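Student: Using the sequences plus the hints, can you model the full thing?
In the order they appear, the protein sequences are chains A and B. Sequential numbering of the first sequence, starting at -3, is according to the numbering used here. Sequential numbering of the second sequence, starting at 14, is according to the numbering used here.
Source of the hints: derived by calculation from the structure; they are not laboratory data. Take the hints with a grain of salt, since some may be wrong.
Unchecked claim - Distance condition first, Cα-Cα at most 30 Å in a straight line; then the derived DSSO-like pairs of lysine-lysine:
1. Lys137/B <-> Lys42/B
2. Lys112/A <-> Lys131/B
3. Lys112/A <-> Lys57/B
Predicted model only: the values in this text are computed from it and were never measured.
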Amino acid sequence: MFQAQASRLTKESMGEVDIARNLKWRRMKNFMFSVVGLLTLLFAICTLLALFIDLALTGVPRISAEFFTSFPSRFPEKAGILSAWVGSLAVMVVTAFVAIPIGVAAGIYLEEYAPKNFFTKIIELNIINLAGVPSITFGLMALGLFVYKLKFGQSILTAGMTLGLLVLPIVIVTTREAIRTIPNSIREASYGLGASHWQTIQHHVLPYSSGGILTGVIISLSRAIGETAPLITIGALTFIAFLPTAPVSEVFPYVSFQWLSDAFTVMPIQMFNWVSRPQKEFHVNAAATGTVLLIMTLLMNGVAIFIRYRFRRRMKW
Amino acid sequence: MGPQFEIPSTSTTKFNLGVQTDFLRSQVKNLSFSYNPKEKIILKNVSLPIFDKKVTALIGPSGCGKTTLLRCFNRMHDLYNEVSYDGEILLYPESKNILSRDVDPMEVRMRIGMVFQKPNPFPKTIYENVAYGLRVRGIKKKSYMDEKIEVSLQQAGLWTEVKDRLNAQATSLSGGQQQRLCIARALVTDPEILLLDEPTSALDPISTSHIEELIVELKKDVTILIVTHNLHQAARCSDYTAFMYLGDLIEYGPSNLIFTNPSDKRTENYITGRFG
Ligand SMILES: Nc1ncnc2c1ncn2[C@@H]1O[C@H](COP(=O)(O)OP(=O)(O)OP(=O)(O)O)[C@@H](O)[C@H]1O
Ligand SMILES: [Mg+2]
Chain A
-3 MFQAQASRLT
7 KESMGEVDIA
17 RNLKWRRMKN
27 FMFSVVGLLT
37 LLFAICTLLA
47 LFIDLALTGV
57 PRISAEFFTS
67 FPSRFPEKAG
77 ILSAWVGSLA
87 VMVVTAFVAI
97 PIGVAAGIYL
107 EEYAPKNFFT
117 KIIELNIINL
127 AGVPSITFGL
137 MALGLFVYKL
147 KFGQSILTAG
157 MTLGLLVLPI
167 VIVTTREAIR
177 TIPNSIREAS
187 YGLGASHWQT
197 IQHHVLPYSS
207 GGILTGVIIS
217 LSRAIGETAP
227 LITIGALTFI
237 AFLPTAPVSE
247 VFPYVSFQWL
257 SDAFTVMPIQ
267 MFNWVSRPQK
277 EFHVNAAATG
287 TVLLIMTLLM
297 NGVAIFIRYR
307 FRRRMKW
Chain B
14 MGPQFEIPST
24 STTKFNLGVQ
34 TDFLRSQVKN
44 LSFSYNPKEK
54 IILKNVSLPI
64 FDKKVTALIG
74 PSGCGKTTLL
84 RCFNRMHDLY
94 NEVSYDGEIL
104 LYPESKNILS
114 RDVDPMEVRM
124 RIGMVFQKPN
134 PFPKTIYENV
144 AYGLRVRGIK
154 KKSYMDEKIE
164 VSLQQAGLWT
174 EVKDRLNAQA
184 TSLSGGQQQR
194 LCIARALVTD
204 PEILLLDEPT
214 SALDPISTSH
224 IEELIVELKK
234 DVTILIVTHN
244 LHQAARCSDY
254 TAFMYLGDLI
264 EYGPSNLIFT
274 NPSDKRTENY
284 ITGRFG
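Tutor: What follows is the structure, given as structure tokens:
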């Protein structure tokens, strides 16, 4: 009886349709979409590639060992990015120390502990909105709060905390996404053996999502390292001919946190400074700095992709 | 041990208790359950005795609520907010209602072990998977753990296959091996009651008969509640059988009685293969 019905249905619905024409038309649409998709993709990639090649052609010849070990100078051929890359590194360390613990903890709280109520919904919505706030707004907030109110000065600490807050939403969102990929069956297995909520987080949730969390952290740092506007707002200097205080020393107490309150510059600001000079030679320096920055960002993203790939392969459920 | 079995007042079961010497280990009393208050009721006023050191089999067509009932025993449903349930599961000898809000689900789960319907090994090594129950309990002594793990793996019939690669990833095992690993993982902590949700559904006949032997062996010490679609298995290794249908417990009794002389028409239809 079922078969009879099925065959009647087929006849009725397919009777008037010309199968050959229908197929041809659908194949055509399929083909057209793939062509359009490919073209838009190529356009985007070519623009990016053109920019990069242009930058690299100008900048690469200028990159040498001295370029990394020299301070900026009035003479373009002597100028280097020593203070800039050390500054970037120092700021990134602070950023990581701010963004990772707060971001991961917030992500775990929202995913594991937060009750599903209106208040939590509001917080979630705000985090997503925060990710879209223009970065200069963070700069203004930091100027008011860290520089004027808390008196951290126009320092590495202020810069790192500003950028840490800036990328916090990225860390929170990627942490939550990483946690969410863990299937319920794994949690049930853990609880089923008598584990507590915290043991389940500590032994399963965090280890299995650490690849995703790390990826998010690296991507957020690669976003932070290129940020310029908020740092200019808090008053990063554009010409720095000294290094921050060394964090370790030979005399007691061997470690020093003086560097946190030192003035600083970072690579994008150095670049901005050189671009705004009239001499063409400085523009070459800017291009070289840009190339270094771009390669660093690409490398960081590459590492993130690699980690994600490795973890995907290991974490199959 | 616990009190001797009395037929729950709401139960429709009819069987000759005869010279009943079995003692209760646990008892389900008027348990109703729904996954969502707005949706349909999955378990309807289920009452069921679980006898100490006996195997109780839950049978019934797919979707009738066997897994749902089993998961109530170790409060798995507490992980999801929307569910609502009502009724009691008493655990003897202390007559503790393990569904009560005052009872810590962690304590329940430490006493009642569960093997899930789908194998769910942790993405850790084979050794760490089996060791986890011990680690949760704060056991650190290596020699003790090694021994417990070997015994559990042997009981689950997996030892010879994995003894040379205890540090391999558990997810690299085959489906049937994973299922036996999950059995070993549940056994390692010596639970008082063992819940098995179709433990042999992914196993070949040899492993299946091995697990059945294990069940018979284990019931010297452990009370076992097993869900199975394999009626021969239920008849072979269970002492009591409960037949469920659309969330109702239709019939409960000694397995030999249920399989030879069911009193309800629906049970008879099911075990003779006329539906389900
Ligand atoms: N997480 C869930 N949310 C909502 N409904 C569910 C959920 N799990 C199961 N159900 C429903 O509850 C009913 C009973 O499901 P259950 O898994 O207990 O059946 P079962 O008897 O174990 O079936 P099977 O033999 O196929 O494993 C089914 O109708 C199912 O659709
Ligand atoms: Mg089931």
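Student: Any hints this thing doesn't respect? Which numbers, in order?
Tutor: As far as the earlier hints go, only 1 is violated by this structure.
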